[in-house]
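Need the complex rebuilt from these two chains, each delivered in its own frame; the hints are there to steer you.
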Amino acid sequence: VVADREGFEAFYREHLDRVVRACALVVLDSGAAEDFAAEAFARLWSNWGQVHDSDHAGGYVFKTAMRLCAKRGADARREPVGVQGDRPAPGDEAERATVRHDVWEALAGLSLRQRQTLVLRDWAGYSTNEVAAMLGIAEPTVRVHLTRGREQLRQVLKVQERG
Amino acid sequence: MRIEDERDRRIGELLDEAAHQVRPIADLAPVLRRGGRRRALRFSALVAGVAIFVGAIGWAGFTIKERGDASAWRTFGSRAATGWTLSYPNAWHAQTLGTLGKCPGEGRFAGAIFTNTSFGFRNPQGRAPGCGDRLVFAGFPSDGVAVAVLPRGGTFGPSVISPNTRFPIRSGQLHATGGIVGGPQQRYLGVVAGGTEKVILFTWTGSAASSSARADVARIIESFRMSAAPQVPAPTGTIAFTVKPSDGAQPVIYRTTDGGAPARSFDGALPAFSPDGTEVAYRSGLGYGPWRLMVANADGSDPREITSFAGSLSGVGAPSWSPDGSHIVVDANNGISIVDVDTGNATPLPTADYGTRACYSMEPSWSPDGSLIVFAALCDGSGDGLWTVHPDGSGLTRIGDSAGRFQEYRFPVWSPDGSRLVFVGQQASPTCLSSPPCSSSTFDLFTSAPDGSSIVRLTRAGTFFEFPSWSPDGSQIVADESDGLAIVGADGAGILRIPTSGLRAFGPSWQP
Numbered sequence: 001v002v003a004d005r006e007g008f009e010a011f012y013r014e015h016l017d018r019v020v021r022a023c024a025l026v027v028l029d030s031g032a033a034e035d036f037a038a039e040a041f042a043r044l045w046s047n048w049g050q051v052h053d054s055d056h057a058g059g060y061v062f063k064t065a066m067r068l069c070a071k072r073g074a075d076a077r078r079e080p081v082g083v084q085g086d087r088p089a090p091g092d093e094a095e096r097a098t099v100r101h102d103v104w105e106a107l108a109g110l111s112l113r114q115r116q117t118l119v120l121r122d123w124a125g126y127s128t129n130e131v132a133a134m135l136g137i138a139e140p141t142v143r144v145h146l147t148r149g150r151e152q153l154r155q156v157l158k159v160q161e162r163g
Numbered sequence: 001m002r003i004e005d006e007r008d009r010r011i012g013e014l015l016d017e018a019a020h021q022v023r024p025i026a027d028l029a030p031v032l033r034r035g036g037r038r039r040a041l042r043f044s045a046l047v048a049g050v051a052i053f054v055g056a057i058g059w060a061g062f063t064i065k066e067r068g069d070a071s072a073w074r075t076f077g078s079r080a081a082t083g084w085t086l087s088y089p090n091a092w093h094a095q096t097l098g099t100l101g102k103c104p105g106e107g108r109f110a111g112a113i114f115t116n117t118s119f120g121f122r123n124p125q126g127r128a129p130g131c132g133d134r135l136v137f138a139g140f141p142s143d144g145v146a147v148a149v150l151p152r153g154g155t156f157g158p159s160v161i162s163p164n165t166r167f168p169i170r171s172g173q174l175h176a177t178g179g180i181v182g183g184p185q186q187r188y189l190g191v192v193a194g195g196t197e198k199v200i201l202f203t204w205t206g207s208a209a210s211s212s213a214r215a216d217v218a219r220i221i222e223s224f225r226m227s228a229a230p231q232v233p234a235p236t237g238t239i240a241f242t243v244k245p246s247d248g249a250q251p252v253i254y255r256t257t258d259g260g261a262p263a264r265s266f267d268g269a270l271p272a273f274s275p276d277g278t279e280v281a282y283r284s285g286l287g288y289g290p291w292r293l294m295v296a297n298a299d300g301s302d303p304r305e306i307t308s309f310a311g312s313l314s315g316v317g318a319p320s321w322s323p324d325g326s327h328i329v330v331d332a333n334n335g336i337s338i339v340d341v342d343t344g345n346a347t348p349l350p351t352a353d354y355g356t357r358a359c360y361s362m363e364p365s366w367s368p369d370g371s372l373i374v375f376a377a378l379c380d381g382s383g384d385g386l387w388t389v390h391p392d393g394s395g396l397t398r399i400g401d402s403a404g405r406f407q408e409y410r411f412p413v414w415s416p417d418g419s420r421l422v423f424v425g426q427q428a429s430p431t432c433l434s435s436p437p438c439s440s441s442t443f444d445l446f447t448s449a450p451d452g453s454s455i456v457r458l459t460r461a462g463t464f465f466e467f468p469s470w471s472p473d474g475s476q477i478v479a480d481e482s483d484g485l486a487i488v489g490a491d492g493a494g495i496l497r498i499p500t501s502g503l504r505a506f507g508p509s510w511q512p
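Order-wise, the sequence lines are chains W and S.
Under this note's numbering, the first residue of the first sequence carries the number 1, and numbering increases by one thereafter.
Under this note's numbering, the first residue of the second sequence carries the number 1, and numbering increases by one thereafter.
Okay, chain S solo, but in the shape it has when bound (with noise of 0.2 Å):
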């Protein structure tokens, strides 16, 4: 066990002598029977599985690479239940369009582009796909797929994909791209997956379309889109962001200039800079008994303690300044507190109110103008959401969608001009296409109105982001994402992965 406090120990201790309370009874019989069964399950699977590829029918299953890594290739099944079949394997386009390679100085996955042109793939001008072109893939319903190269920058025409059952596509946003048509037998739909190296083909067969088959599409699209958006400009400025060493020791800040290898600047966890950028507030280790809250100038030095905090519950969120860098938003013991930077007295703010139900108010962010204070509730059961207060603690009120779109809302942040909060939303698995092995969820970053309204996904990289914070020219969001720092473009174009060292990072802070 590697618990790291006495306390937790104990608790530990407690779990330990309940569980030595349950005894089973060792009886193997019925496993070894349930496993057998599987065991030979599988077998007349396999077999019926190569009955299948000898009659080049395709297979049943194929696989999707999501991300730039390998480790990321899932599997899918086939979608029988939705009518859908998937096919790749077919000699033909699996040789044309089996690869695409990267554009030369634009980073890596910059668009869908053939590198292997040796089997005299030619768009209508004769010229062979190059860097940048975009691909639209067309299917027919009596002679498969068509595949057409668009120069950088072209648009589809009605030669190209007929524009009643062409798939509604963002353009504009995307190197590589996809089209549907079909009648009334067949429909194809192919994607180039730009972020993924690969050419990806979707058949499905039926009398017609359905709703939930197109939804499924315009979701692989969309995942896709994403992976295949432009690459983000590299960050300007400095970044400050929290290192959780592996040996379980306190945390450390560390800075990163215009995205260069990070320094370590002091103890601390969680920063964030001051409105003028020449102090950063951040609290004094993570964990979950009493707490600091510490300001120092922004290069580490002279810190100082504002006040502290007790109880079990420290908080999770990053410290937010008053406009006028005189007052600071935490959360702390189960609520939010504004904190007089001069004084350090501290002032509770009502929190999140859905009734009975249990709620953690938490992550305060506060606006540009200094009117409001945005913060999110964690809550028992569903029904999570963003709330709004004054900072004289009236005009509590819960923004956005009341529908549930998110399983959760967390870390709210105001765009530096206060037009719009960025936040972190749970989802089910947006290219889950069955059960297993999709893992349940996403935290991907949405940016909002101030009122919660007309809600914009900026990633859908299948991960967890937390703490976003803005560039002070509000064009980019510096957020963690899996222990690693990510930029990504306010409207959603691109991700950009900045080098951490190896660290384990989170909770980053754009100086302004």
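Only chain W is shown next, with the shape it has when bound in the complex (with noise of 0.2 Å):
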């Protein structure tokens, strides 16, 4: 049991960051994505005696979040939530806070589906098919929402750009 216990706390600190950020990114809340992502990862647990296999395990964990936070993400605010408070510092630093802020913002200008599509393809990597998938939508309707979460953020690289 000990053993078991070891293995899951390592899996669980090495796929945290990743399951809880791809959450926060499409619930626009970091406190609301570690719920999601503890109970992802809680329900892992409870099964752990039978994982054989990391990588399937991550791909379990990440699905799980992402579809809990889709199905409480509809409620979600609008307004990002623990993520946006950088204070602007000095130099380098408070150029990307001023990005940060700006992709943030774009996001919470994006509905649940087009911040679904776009963090699991453009940030998780996953083909607008499995994207398609995941979500029970079908793959041309990913790609109209793909194309409008980009529009959003293609507008944060051109002020980028210009600054």
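Keep in mind that the hints are not guaranteed to be accurate.
[Stated by the list, open to error] From the structure, some residues in chain W lie toward chain S, with a derived Cβ separation under 10 Å:
id: 1; residue: A38
id: 2; residue: S54
id: 3; residue: D102
id: 4; residue: L118
id: 5; residue: V156
[As the list claims (entries may be wrong)] Pulled from the structure, derived: some chain S residues nowhere near chain W, Cβ distances all over 10 Å:
id: 6; residue: P24
id: 7; residue: G36
id: 8; residue: D267
id: 9; residue: A296
id: 10; residue: D324
id: 11; residue: G395
id: 12; residue: P416
id: 13; residue: D451
id: 14; residue: G484
id: 15; residue: G489
Just so you know, the hints here were simulated from the structure itself, not pulled from any lab data.
Note that CB positions come from ideal geometry on N, CA and C, so glycine has one too.
Shown next, in the form of structure tokens:
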């Protein structure tokens, strides 16, 4: 049992950031994202005895968290919570903080579906087919949502380039 | 990360920058507590399950194979909330009815047939069930379930199932079928799933079948009706379709003749044969950047650019020709445009208007008489639909039911005689009896009158259909389904998956 738990703990530390971050980008709430991620990891832990392939488990926990996020993200507030508070600092760091702020704001201007497709495709790196299967929507629909999501973020890029 | 091009990579970097602001606290203890509780619960459920089985009451859940492949098995739980209990492993019927076979020479799953008849099962004429026979299940309050075998082409009779309690099933379309009877205390429903090699028995107890339970049963029967429907004849003629290489390279157009092995024809995507069948309009590629509207001869020779579209939204639909071949309507840049084939001039059409809601107008199709263009709208929030507009831009009209029967309406295409539209409708999964683990929705094929009325469901495969295209005689429709091609009878009879040699096929077009 001890080895079991140590293995899980290592897995947890390796995958936690990615799962929480993806979820936060979708629900725009880092606290809620941590909750959903915790639930996803708890589900995995309850089945940990049957896990033999940590890659597979990584995919499982990521997809579970994203499903939970999507389900409850529909009611989520539109203002980013707990992720926008960076105070502009001098120099490069100030610029990066501005970019982050703009990205979170751009995400808040998108619908839940648009954020999901954008995060799964462009951040997590799934193919549009995989995203379609995960979200239960058609592949062309993924492309439509993705296009609109990307348009928003390109505005951020333009501002960045002008600056 | 597998981001394909520079632009997407930069968007990925932006998201990554924002994501790194999120720094979760790795507190493992609550996770272990939650997961540990669930482990304990599962163990006690297992013990309870064993107790029930020993008591010969039945299983709390059973498995339905929804489609022909074993990966599609799905387990449903009990439906106590609506007064349902489901039972299957009853030794009597499990032995007698456990296996269905195939009709020799008729393709796969042509009928619901017993292969295991060694238990002495005979119809009233003393004949063992055979190829193509239909099965009727009847449940009786005191005696359990009875099964009758109807000869192929036979009909229901009052001696088999009481007309008053018989569940309405569309006859003539089934090789496999089911029925319901019951008294005030118990009701039974038997279904033979012809496409699934399984006999499934539902029973429920309660004072009366509620309307919602009946609706559930109707959905189940409907889903099996589709899987048990007769085979579609093999397609004739030529179908062009798109193949997306797995390495992210540009798509390629292939052709298959009479359902045979496909052959690579030329580069491009989403082909559309001209009305006389001699030319193909297609897109230069798929993606998010600028693209070119191309026309080539039907064999792929002499490709020429008609016009190009800039802008980030390249559209998602196939081109569609005017009946005289002089113009092509396409979706591009969040709207619909008519392109003059000779000059390349593009004229935008008015698009779906839901007031303040932002919409994408896309996937246009030109009517065979030339008078209307139908297209789909995908909008923020709910309220998607199909729209028609005259080619001169007048008469923009929303068609279809405004009750929101579908979450999405997509890919409307006129039949060759202009009397019907085929389209893809998204609905909640019809066989979803329990919340998880059902997928949230399916995209199936439907037809309707040109004004959107009299909707007929063609498929219930639980998958994603896209890009339908009619056969020249209007009797069949080809569409892509989960990276393959499927032929569906225009009256909803059956599905035939045609071989694509393992290629990821989508966006087919049937040569007139």
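We went through each hint and held it up to the structure:
1. A38: holds (5 Å)
2. S54: Since chain S brings no Cβ nearer than about 16 Å to S54 of chain W, farther than 10 Å, the hint is violated.
3. D102: holds (9 Å)
4. L118: holds (7 Å)
5. V156: With a minimum Cβ separation of about 6 Å from chain S (threshold 10 Å), the hint on V156 of chain W holds.
6. P24: violated (4 Å)
7. G36: violated (7 Å)
8. D267: holds (20 Å)
9. A296: holds (23 Å)
10. D324: Per Cβ check, D324 of chain S is outside 10 Å of chain W; nearest 29 Å; holds.
11. G395: holds (26 Å)
12. P416: Holds, since 24 Å exceeds 10 Å.
13. D451: holds (25 Å)
14. G484: holds (13 Å)
15. G489: Non-interface label on G489 of chain S holds, nearest chain W Cβ at 22 Å vs cutoff 10 Å.
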